[in-house]
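One-letter residues, chain by chain:
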Amino acid sequence: GAGVSQSPSNKVTEKGKDVELRCDPISGHTALYWYRQSLGQGLEFLIYFQGNSAPDKSGLPSDRFSAERTGGSVSTLTIQRTQQEDSAVYLCASSSGASYNEQFFGPGTRLTVL
Amino acid sequence: AQKITQTQPGMFVQEKEAVTLDCTYDTSDPSYGLFWYKQPSSGEMIFLIYQGSYDQQNATEGRYSLNFQKARKSANLVISASQLGDSAMYFCAMREIIKTGANSKLTFGKGITLSVRP
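Taken in sequence, the protein lines are chains A and B. Heads up, the first sequence is in my numbering, so the first residue is 50 and it goes up one at a time. Heads up, the second sequence is in my numbering, so the first residue is 343 and it goes up one at a time.
Just so you know, these hints were derived from the structure itself, not from any lab. Quantities reported herein were computed from a predicted structural model and do not represent experimental measurements. For glycine and all other residues, C-beta sits at the position ideal for the given N, C-alpha and C. Just so you know, not all the hints are guaranteed correct.
[Stated by the list, open to error] Chain A side only, calculated, beta carbon under 10 angstroms to chain B, not exhaustive:
#1 Y97
#2 P110
#3 F114
#4 G120
#5 G121
#6 F153
[Unchecked claim] Calculated from the model, a selection of chain B residues having no Cβ within reach of chain A, i.e. all distances over 12 angstroms:
#7 Q348
#8 M353
#9 V361
#10 T369
#11 S370
#12 Q398
#13 Q399
#14 F410
#15 V420
#16 R437
#17 T449
#18 P460
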C-alpha cells in the first residue's frame, strides 16, 4: 500500500514569506507527527496529532509555527514569516495502534529560506 | 525528560564484519521503547529494530540485534556481516509507553555515520 507522502519535496522561499507543508499519512493511521531535521542533526519533535484529541504542540519552536489535521487524515504545517534558521528538512510520520508501533516516515520536505 | 546520547564519531567497518553503534539513554519513565532508524543519503527514515523496556530478551531483526543493558541504560545496535548498503546515518530513539495506548513522540539522538569499506 501507499506510504506516507509529503509535498512539496523541496521548497525555496524568501525570508518573511509564509509556507505550507503537506503530509498525507498512511490510510487508517490515527497518529501523525511532524519532526524537523537540521543539517547533520537528529530529528526534533514539533507536533503530534492523535485521533480527535487535542494535539501535543510542545515541540513547536515559536508561534510562527502551526499545524492542522483535517478529518483525521491530511495535515498541513504552516510557518509564517519564515526565517533563515527555519531551513531544514521537515519530516512527517504516522503510526497506529498501540504505543510501541513503529512510526512510518515520509520522504520529507526540504525547506530553504533565503 | 527523555534524552538519547550518541557520541561516537563517524564509524568505519570492513564489509562482512560486525559493528556496534552505541546509544545511551536517560529517562524517569518506568515503561519506554527504544528504536533504531537508518537514514541513507536519500533521506528516508527506515525503521530497523525495537526494544521494549520490559522485554526479557534482546531484540533481533535479521542482521540487526539490540544489545539492551537496562541497568546501564544502554541500547547498542549490532550489525552483523556489514554490507556496502549499510552505509548511512543511524539514529537511536526513545518513546514513553503510555498505558492508554496513545502514541507519543520519539526523542532522537544526534545520529552516527557508518561507512562500510569494500
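#### Entry: Structure-inconsistent hints, enumerated in ascending order
2, 3, 4, 5, 7, 16 and 17
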